[in-house]
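Chemist: Listed below, chain by chain, are the residues.
Number of protein chains: 2
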Amino acid sequence: MFSNDILLRTLRGEAVERPPVWLMRQAGRILPQYRQLRNSLTGFKELATRPELAAEATLQPVDALGVDAAIIFSDILVIPEAMGLTYEMEEKKGPFFPKTIENEADVRSLAEGETAAGRLGYVYESLRLTKKALHGRVPLIGFSGAPWTLLAYMVEGGGSKTFSKAKKFLYTQPQTAHLLLEKITSTVIAYLNQKISAGADVVQVFDSWAGILSPAQYREFSLPYLRRICNEVTTAPKIIFAKDGWFALEEIARLDCQALGLDWTVEPAQGRSWAGPQKVLQGNLDPCVLYAPTSVIRQKTLQMLADFKGKHIANLGHGVYPDTPLDHIKYFVETVQGFSYGGR
Amino acid sequence: MFSNDILLRTLRGEAVERPPVWLMRQAGRILPQYRQLRNSLTGFKELATRPELAAEATLQPVDALGVDAAIIFSDILVIPEAMGLTYEMEEKKGPFFPKTIENEADVRSLAEGETAAGRLGYVYESLRLTKKALHGRVPLIGFSGAPWTLLAYMVEGGGSKTFSKAKKFLYTQPQTAHLLLEKITSTVIAYLNQKISAGADVVQVFDSWAGILSPAQYREFSLPYLRRICNEVTTAPKIIFAKDGWFALEEIARLDCQALGLDWTVEPAQGRSWAGPQKVLQGNLDPCVLYAPTSVIRQKTLQMLADFKGKHIANLGHGVYPDTPLDHIKYFVETVQGFSYGGR
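Residue numbers (our numbering), protein chains in the order written: chain A, 1 to 344; chain B, 1 to 344.
These are calculated hints, taken from the structure and not from any lab test.
There's no promise every hint is true.
Which copy is meant is left open, so a pair is good if it fits within one copy or across any two.
[Claimed, not checked] Using 27 Å as the maximum straight-line C-alpha spacing, the simulated DSSO-like pairs for lysine-lysine come out as follows:
hint : residue 1 : residue 2
1    : K131      : K99
2    : K330      : K165
3    : K45       : K99
4    : K300      : K161
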């Protein structure tokens with residue numbers, strides 16, 4: 001039982017009084033209490049791997065912003081790590097893998113499925129602690145990287161403008177790539193199902209590097225694995241967010257999921273036309289709108305809500321940028337929560 | 001008079017025997033003779049600003065690859081520099097502006113139009129030298145950055161994943177942004193017209209950061225300036241390439257230009273449907289295909305040519321990556337040049 005279940009009602013396709021609202025990366029540097037917590041530690045990974053601290057970071061935006069959902073504080077790269085490929089998080093530089101995947105032997109050496117997912121007990125414990133502390137205030141979102149996006153990091157070794165090493169891997173070793181994607185997928189499925197068991201009410205899959213692939217590559221190397229995840233994670237509503245993946249939205253919309261995330265390049269009417277009438281759409285305000293004066297934030301937010309019309313979860317089109325003024329973020333949340341579909 | 005004018009005939013809308021082919025960034029690190037030339041100098045800017053060397057770099061791929069066009073060796077950031085904002089090119093890090101544009105006074109202090117473009121005599125001299133040395137072998141392409149893309153660098157100060165500083169500028173100081181865009185536009189127009197006078201047979205405008213904007217921002221801060229360029233540069237065919245700007249293609253196609261560049265996320269049939277029947281389309285093989293074995297390069301290239309059907313300039317969907325095997329690039333060029341529309 002939730003005191004605020006507007007996200008879940010929206011995902012069930014019920015008529016709601018207004019769109020629910022939360023922000024990707026709401027648990028993070030936008031909050032002074034997060035920066036304080038983070039600065040007291042040795043690094044990002046300490047925060048991610050200590051359940052009581054991850055739970056604290058997860059709860060902070062619920063308290064500070066009054067958003068309609070919590071999203072567990074974690075990282076998509078816990079999956080490669082659980083499979084046997086450790087990563088480091090470098091301040092201001094992002095993730096870095098000392099060893100990368102280069103060939104079939106590397107792939108064969110990785111753990112997968114329940115075995116790999118079983119190593120992430122600290123994440124499930126974070127969910128349990130958060131769930132208890134939330135006390136039904138709002139639903140809790142669990143998440144995972146999509147298989148292609150995780151492969152991209154595991155082969156490239158870190159972030160990249162082009163991910164040309166990862167794409168080269170797809171073009172030169174397609175069978176090995178599929179083998180790796182299978183292993184990642186079985187791990188993601190076990191991981192998301194355990195997250196749901198530990199308290200996640202909703203799950204979101206981030207295909208952050210969708211836009212790096214050609215449509216043909218996306219069809220071959222990403223979609224089939226998203227499909228398998230959607231078919232085998234069945235006990236919570238699913239949101240798929242393929243950043244810059246406009247060219248695949250029509251196909252993603254045919255998967256067994258409840259909602260699609262949109263980035264800010266997809267106008268609401270276009271997104272609806274690609275997604276069809278049934279899916280809930282999530283997004284998609286340009287994060288940079290939150291740098292603007294509040295009058296502009298109000299106008300752009302209300303315009304977005306009007307354009308989506310309904311079956312909509314208000315959010316940004318990407319994670320909130322760390323230097324966004326906190327009062328502007330609050331203003332965005334309040335603007336959505338003050339809106340009403342009532343007129344219709 | 002040209003011994004090979006297939007690019008110009010294609011841009012005039014004539015029926016041609018096969019698509020012309022060239023590669024974005026063909027004058028550059030893919031060629032050993034370029035790397036040798038480059039290593040003998042103090043830096044990239046010496047190469048770009050010494051006309052006899054820039055001409056040499058321009059001619060190298062015509063000799064080595066047999067492409068159907070030369071593109072002048074230069075950089076889009078010569079425009080900000082001519083306006084009064086100098087930049088440095090840092091090895092492996094890209095361009096860097098020690099001083100950036102922050103407010104209206106900064107914009108007012110910049111030169112523009114003929115005055116600014118008049119400072120780029122070394123570029124026009126490179127074109128004259130190249131033109132003479134080409135001796136009509138193939139047409140010569142001149143290029144410029146699009147006003148929005150140039151503003152992005154001038155405000156951000158260098159490359160960026162999000163260009164959030166530049167976008168913040170658009171949201172918080174829209175009038176100053178328009179003032180800057182006007183000044184950049186008048187400079188680009190004078191620059192392109194002088195390039196044509198100096199020998200450019202075709203011009204291409206690169207809107208490299210189109211995909212960073214929302215459709216609404218693109219309509220306000222990029223399209224009107226591209227329109228002005230198209231209306232005021234009238235003596236050579238124009239190619240507009242808005243990277244990741246799929247959402248604006250239908251509107252760009254209404255401008256007075258002959259061709260649209262497509263990145264690899266836009267499938268040929270989709271591009272044709274957005275562009276309408278008249279425009280020539282340029283692109284759009286994924287640059288990473290050139291890492292694949294030649295059998296794959298052949299299959300993907302022929303598929304692309306078949307999908308575009310005609311009114312097409314074969315190219316990649318982005319600049320060729322520096323570590324691409326040279327024999328694969330040659331194989332791509334040969335595959336296009338061995339193709340024939342004859343069957344139709």
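Chemist: Give a verdict on every hint.
Modeler: Hints versus structure:
For the homomeric pair K131 and K99, neither the shortest alpha-carbon distance inside one copy (35 Å) nor that between copies (49 Å) is at most 27 Å. In the homo-oligomer, the alpha carbons of K330 and K165 lie at most 27 Å apart only across protomers (21 Å), although the nearest pairing inside one protomer, at 40 Å, exceeds that limit. When the C-alpha separation of K45 and K99 is checked against a cutoff of 27 Å, the pair qualifies only within one copy, where the shortest distance is 18 Å, while the shortest distance between copies is 36 Å. Taking the closest pair of Cα atoms, K300 and K161 come within 27 Å of each other only across two copies (23 Å); inside a single copy the shortest separation is 29 Å, beyond that limit.
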